[in-house]
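Colleague: Assemble the complex: chain F is given as a structure, and chains G, W and A must be docked to it using the hints.
As you go down the protein sequences, you meet chains F, G, W and A in turn.
Residues 272 to 582 in the working numbering are what the first sequence lists, from first letter to last.
Residues 272 to 582 in the working numbering are what the second sequence lists, from first letter to last.
Residues 272 to 582 in the working numbering are what the third sequence lists, from first letter to last.
Residues 272 to 582 in the working numbering are what the fourth sequence lists, from first letter to last.
Careful: at least some of the hints might be erroneous.
Any copy will do: because identical chains look the same in the list, a pair fits if it lies in one copy or spans two.
Here are the simulated DSSO-like pairs of lysine-lysine, each with C-alpha atoms no more than 30 Å apart in a straight line [said to hold, decoys possible]:
#1 K507 <-> K326
#2 K368 <-> K548
#3 K548 <-> K559
#4 K433 <-> K574
#5 K441 <-> K424
#6 K574 <-> K368
#7 K299 <-> K326
#8 K489 <-> K559
Calculated from the structure, these hints are not laboratory results.
Residue-level listing of the chains:
There are 4 protein chains.
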Amino acid sequence: MFKRIKENGKEFGFGNSTIGKNQRIVNKDGSFNVSRRGLNIFQRFSFFHWMINSKWSVFLGIVVLGFLTSNAIFAFIYDVVLGVNHFHGIETHSPLKNYFELFFFSSQTYTTVGYGRINPATTISSFVAAIDALSGVLYFAIVTGLLYGRFSKPVPKIQFSKIGVVAPYKEGFAFMFRVANKLNHQLQNAEVRLIASEIVDENGRASRQFFELELERKEIVFFATSWTIVHPIDEKSPFFNMGEEEFNRNEPEFMLQLKVYDQSYSQDTFTNTSYRKEEIVWNAVFEKILISNENINYVDFAKFNDVNYIS
Amino acid sequence: MFKRIKENGKEFGFGNSTIGKNQRIVNKDGSFNVSRRGLNIFQRFSFFHWMINSKWSVFLGIVVLGFLTSNAIFAFIYDVVLGVNHFHGIETHSPLKNYFELFFFSSQTYTTVGYGRINPATTISSFVAAIDALSGVLYFAIVTGLLYGRFSKPVPKIQFSKIGVVAPYKEGFAFMFRVANKLNHQLQNAEVRLIASEIVDENGRASRQFFELELERKEIVFFATSWTIVHPIDEKSPFFNMGEEEFNRNEPEFMLQLKVYDQSYSQDTFTNTSYRKEEIVWNAVFEKILISNENINYVDFAKFNDVNYIS
Amino acid sequence: MFKRIKENGKEFGFGNSTIGKNQRIVNKDGSFNVSRRGLNIFQRFSFFHWMINSKWSVFLGIVVLGFLTSNAIFAFIYDVVLGVNHFHGIETHSPLKNYFELFFFSSQTYTTVGYGRINPATTISSFVAAIDALSGVLYFAIVTGLLYGRFSKPVPKIQFSKIGVVAPYKEGFAFMFRVANKLNHQLQNAEVRLIASEIVDENGRASRQFFELELERKEIVFFATSWTIVHPIDEKSPFFNMGEEEFNRNEPEFMLQLKVYDQSYSQDTFTNTSYRKEEIVWNAVFEKILISNENINYVDFAKFNDVNYIS
Amino acid sequence: MFKRIKENGKEFGFGNSTIGKNQRIVNKDGSFNVSRRGLNIFQRFSFFHWMINSKWSVFLGIVVLGFLTSNAIFAFIYDVVLGVNHFHGIETHSPLKNYFELFFFSSQTYTTVGYGRINPATTISSFVAAIDALSGVLYFAIVTGLLYGRFSKPVPKIQFSKIGVVAPYKEGFAFMFRVANKLNHQLQNAEVRLIASEIVDENGRASRQFFELELERKEIVFFATSWTIVHPIDEKSPFFNMGEEEFNRNEPEFMLQLKVYDQSYSQDTFTNTSYRKEEIVWNAVFEKILISNENINYVDFAKFNDVNYIS
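Pulled out of the complex, with its shape left as it was, chain F reads as follows (with noise of 0.2 Å):
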C-alpha cells in the first residue's frame, strides 16, 4: 500500500541495526547523529574539510600560530645553531634580544617583507633563509587556498521552520512544513525529499523503519521566498489514519532534504533538517508571510515560524 523505503532501517544508509527509540538520527541543523569507532585519526580525518569548516576564530588561530611556530623554529636554527655573526645589521646584544631580533627576521622572511636591514651574511645563513622564505610562501599559498575554499563553499541561507503542523488538507490532513530563501539569491530549481521514520510493530517485534513520504509538489522552478511542502495523509502515507497519541508513540522522525542551484556558487546545494514529535504542532496552519500590495512585495521572516490553531 504505502511506499516503504526499508524494512528495518538496512538500506537507508544507516547500517543493518536497529536505532534506539529515543535517539535522533538526523540533528536539527541536517549533521547525521551518529559517531564512528574503530577508525584511527588518519582515516577519520580530512584536513582540507576541517579548515574549510572550522569557526573563523579557529582558522585564523591556526593561522597565527603557524606562523609564529615557524618563526620560533626559524630563529631558533638562526641564532642558537649558527649563531648572530652570521647576520649582519642586528644591533642587540643580550642573548633574549638576539634572539627576537631573529624572530622578527625571520617573519619579515616569512612574509617576504625583507625590510634587509638584518640579512644573511653567510652561505649558509642564506640558505636557511631562503628555506625559510620558500616555507612563507607556500605557507601563504596554502592559507590562500583554504581562503577561498571557506569563502566559495556553497552556504545556501536556507530557513526552515522550528516546526511542523498537521494542518486541514482537502477532504483530510497534511504533514507540512516551511522553508524560505533567507537571501534574495537566486535559487533555482528546489528539490525536496521527505522520509520519515517510525517504530513499528511487526510480528511482535518493534523495529524502526523508514519511508519516503509522497508530497504534493517535489520540486519548484523559481524558489523567490517560501515553500510549504505538503505531505498528504492520505492511504497512501504510513500515518494514515494515525491519531496523535499513537503517532507520538511511534517516536517519529522527519528528515528533510533541500537541493538547489544556488546562482551565487553556480552548484546544486544541500539542506536537510529533522522534526521530532515535539516539533509537530496537531491542528494549525502555518501563518501568511508574503504580503503584497501596490507597491512592494515582502516576506514576512517575523512570523515565519507563527501557526495559527484550528478550534
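Modeller: Then chains G, W and A, alone, in the frame of chain F:
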C-alpha cells in the same frame, strides 16, 4: 485539463499569499521582485555573495579603502602608541610628516614590498610590523580569492528577446520567445522552463495562479545560435480560446528559465527573465536572423528583436 | 516514423533560417561554425573566457606586456612628473639611465621585491609607490586566478575517430563512430547524443532538417578505453533504405556530443565533433584496438582510425 | 530475460576485443587496468592531472627542485654572463662564494623577499632581476593554484567491504557488498551501479560478457553510516541457478560505482571498486556494525569486513 502548478501560488515558491495585481514577480533581469523583513543584517547578508556580485568600481573601492584604513591604523600605532624613535631611517621632523613616513612604511609592510629604509628598531615595533605584514598577506589572500570568484562566476551571456509574440502556429497560435547565445561559447544541453501567472476568477474570488506551460521543445543539444521557444495555445494551455482583451485583463506574467551548460566555466548556468502583457506582441513573427550563404553562417543580432506583423 | 527533431532546423539552436548546403555546422574540433554580427565588442567579448582559452604564448605575452606597461607608466610618473630628487639611492646621472633606474624600481615595487637601494624619499613619491605596490599585488592576484582557471579547466582528452563507418550490423547496417579515453583518467558515466542533419525535399522545397538519431547504447558506466557508438539504420532511422549516392547528395552532417564525468576535475565535461559525407566510409569496420593477453590489457591507439573494408 | 549490457563487451567502454580470462578489468582502488600504446607523451600526459594526483612528497620535491633550478640558472646569468661588478653589496671574493651570493640573491628575488644588501647596480642586471622576480611571482601563482587543486579535489573517503557475500535473501540468495561513509561528512543522494562481467559460452565460443545487475535499492537520500548493496539472484540475474563451482569457472568480476554528493566539496563524487571470485564469500552475512543505545549511535568500523557464516 491543463497542467496547473498551483492554485493560489502557494507552492510555487512565492509563499502562501496572493501576489498583487500590478506587481511584477520576476524582474526583467531575472531577479526576484520580493524583499525581506524581520531579519537582521547578519541573517540577510552574505559577504562573499556581495563582493562577488557588486560592481567593479565598488569592489575595487572597498579593496583600496581596506588597504588605506589598515595603513592608517598601523601608522597610528607606530607613530602615536610607540613613537618614531622605535624606527630607523625616518628622515622627517614634523609630526605630520612623521605620520606619513610611518603610513607608507605600513603600506610597504602590508604589501610586503619592504624597502627597508625605514625599519623597526625595537622588539615591540618589530612585533607590530610582523602583525602588519601578516595582516597584509591574509588581506591580499582574501582579495585573490574574491577576484577569482568574480572572474570564474559563470555569466552565460544569454540574450532574451525584449518581447514575446503570439504567432501563427500549425492550425492555431503559439506564444514564442527568442533566446540567443551572444558569444561563440560552447553552450550545451540547453533546457527551458516557462511558467505563466495570471489572475483567475475562482468562485467569485480573483486570485493569482501559476501554471507550467507545455513547450514544443524543452531542450536542445547544441545551443549554437538562437532558439525560438514555442508554447502552443492548444486545449492544454491555460490561455486556450482567450482573446487579447481578456488576456490583458488577467495581468499575465511569463517567467522563463534557461539552464545551459557553459563549456567556458564547465558549469550549469541559469538565466531567467520575465514578460508582462506590455511585452507580448500579438499577431507577429520574429524576423529571421540566421543568414547563411556559400561562405559564412552568421547571426544578425541587429534584427534580434525585430518582428513582422501579420495582417 | 522516424524521430524528427525539427522541420527546417528552427528549434535546434541554429535559428529560424535555412543553413547553407555546403556549410559545416559544427567544426571538427567541436566549435560552432557560426559568426555574429550586430553586437559591439563588449557584448561579444568575455575577458575571462578569452584569457582562459587563449594559447599559453598569448597568455604569457599579455601578462609580461601588462607588467612592462605598468612599470613604464609608473617610471614616467616617478621620473617626469615627480623627478629623481624624490628618491634616495639613484646612482645614475643621464636622463635615460635615470628613467631605467626608476623603471626597475617600479618593477621591484610591483613584484614587491623591494630591494630598497632606491626608495621613495618624499610623501608624494611614497604615495605613488604605494599605489604601484597595490597595483602589482592586485595584478598578480588576477594572474593567479587566471592561471588556476587555465589549469583547472577540464580538458577531457577524448579522441574521436577521424571517420565514421557504415558497417554491417545484425541483419542490416549501422553508422558507427569510435571514441576513446586517451589518458588513463577515471571517466565515469559517459553519455552520447548524435544529431544528424541533411537536405530534405519537402513539397518541392529543399531545406536542411535535423534529427536526433537512436543509438544502440546511449551511456556507459565506466569509460575505460574505447567505445563504438552505433546508430542502427532501421526503419526508425532517417537514413533507412538510403544508398550512398542519395546520402552524399543530401549533404549530411553527423554532430556528436559526448558528456562524461572526469574524475581528475570532478566535473561533467562535454566534447563535440562532427562528420560530413567525406568522413563517412561505407562498407567498413573498425580495426580492433583493445589487445589482451595473460599479462596486460592495452589499447593500441596506432590503429585507432584503421578500418577493414568488407568486400 | 536478464538485462545484458553487451554481448562481447564491445559497447562497455572496453573496446571491441575480448578481455583476457585472468585479467582484472577494474583494480581494487577503482582505477582501470588498461594501458595505452601508440600515443606520444604529450597525448598521454596531463600536467595538471599529474600534479594534482601525485604524492605530497613528489609534489613538494618538484616545487623545491623548480625553485632551486631557477635560482641556479639566474645565478649563472648574474655571475657568469654579467659578472659580480654588476651588483652592489657582494662581500665575498672567491668565485664559488660569489656564485652562492648571487644564487641566494636570486632566491631572495624569486620569493620577492628582496633584503637589498645585494642589489642590481646596472640596467642590464636590473632587467634580469626583474625577469627573475616576475618568474618567481608566476611560479608561485601556479603553485598556489596547484595546492588549491590538491586540497579542493573531492576525496569522498568511502570504504568498500573487502569482500562481497552470497547471503540468504527472501526465499533465495543475493550478492551483497557493503559501503560506508568513513567521515561524518554530509553525503547526500548516493547512487550505486553494479556491473558484472563473466566468461559466457556462446555457440561454443567463450567470450567475456558484461551485465548491469538489478539492485534492491539503487539510491539512498542520506548516506549517514553504511549501506548494504543487494543484487537479488532471481530469474532476471545472469547468475540465476548458478553454483559456486560454475561461478568460479566463469571468472566473474563485479564492478561497483558509487556516486554521491559530498557536501564538504559541494560536488558529485565517484568511487569505484571491483570484486573478483576470490573476494566473494558464499553463505555468509555481514556482521552488524551500527550500534545504538540510549546515549549514542555509532558505527563500529572494526567489524566492517566481518562476516558470519551460515551453516
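Colleague: Now look at each hint and say whether the structure bears it out.
Modeller: Taking the hints in turn, this is what the structure says about them:
Proximity of K507 to K326 under the C-alpha cut-off of 30 Å is found in neither arrangement, the shortest distances being 44 Å within a copy and 52 Å between copies. Taking CA atoms no more than 30 Å apart as the test, K368 paired with K548 passes in neither setting, with 65 Å inside one copy and 70 Å between copies. In this assembly of identical chains, the alpha carbons of K548 and K559 lie at most 30 Å apart whether taken from the same copy (24 Å) or from different copies (28 Å). For the homomeric pair K433 and K574, the shortest alpha-carbon distance inside one copy (12 Å) is at most 30 Å, but the shortest distance between copies (38 Å) is not.
Neither within a single protomer nor between protomers do K441 and K424 lie at most 30 Å apart by alpha-carbon distance, with minima of 41 Å and 44 Å respectively. Neither within a single protomer nor between protomers do K574 and K368 lie at most 30 Å apart by alpha-carbon distance, with minima of 62 Å and 57 Å respectively. Proximity of K299 and K326 under a CA criterion of 30 Å is satisfied intra-copy only: 19 Å inside one chain copy versus 37 Å between copies. Taking identical chains as interchangeable, the C-alpha atoms of K489 and K559 lie at most 30 Å apart only when both belong to the same chain, with a minimum of 21 Å there against 34 Å between chains.
Consistency with the previously given hints fails for numbers 1, 2, 5 and 6, ordered from lowest to highest.
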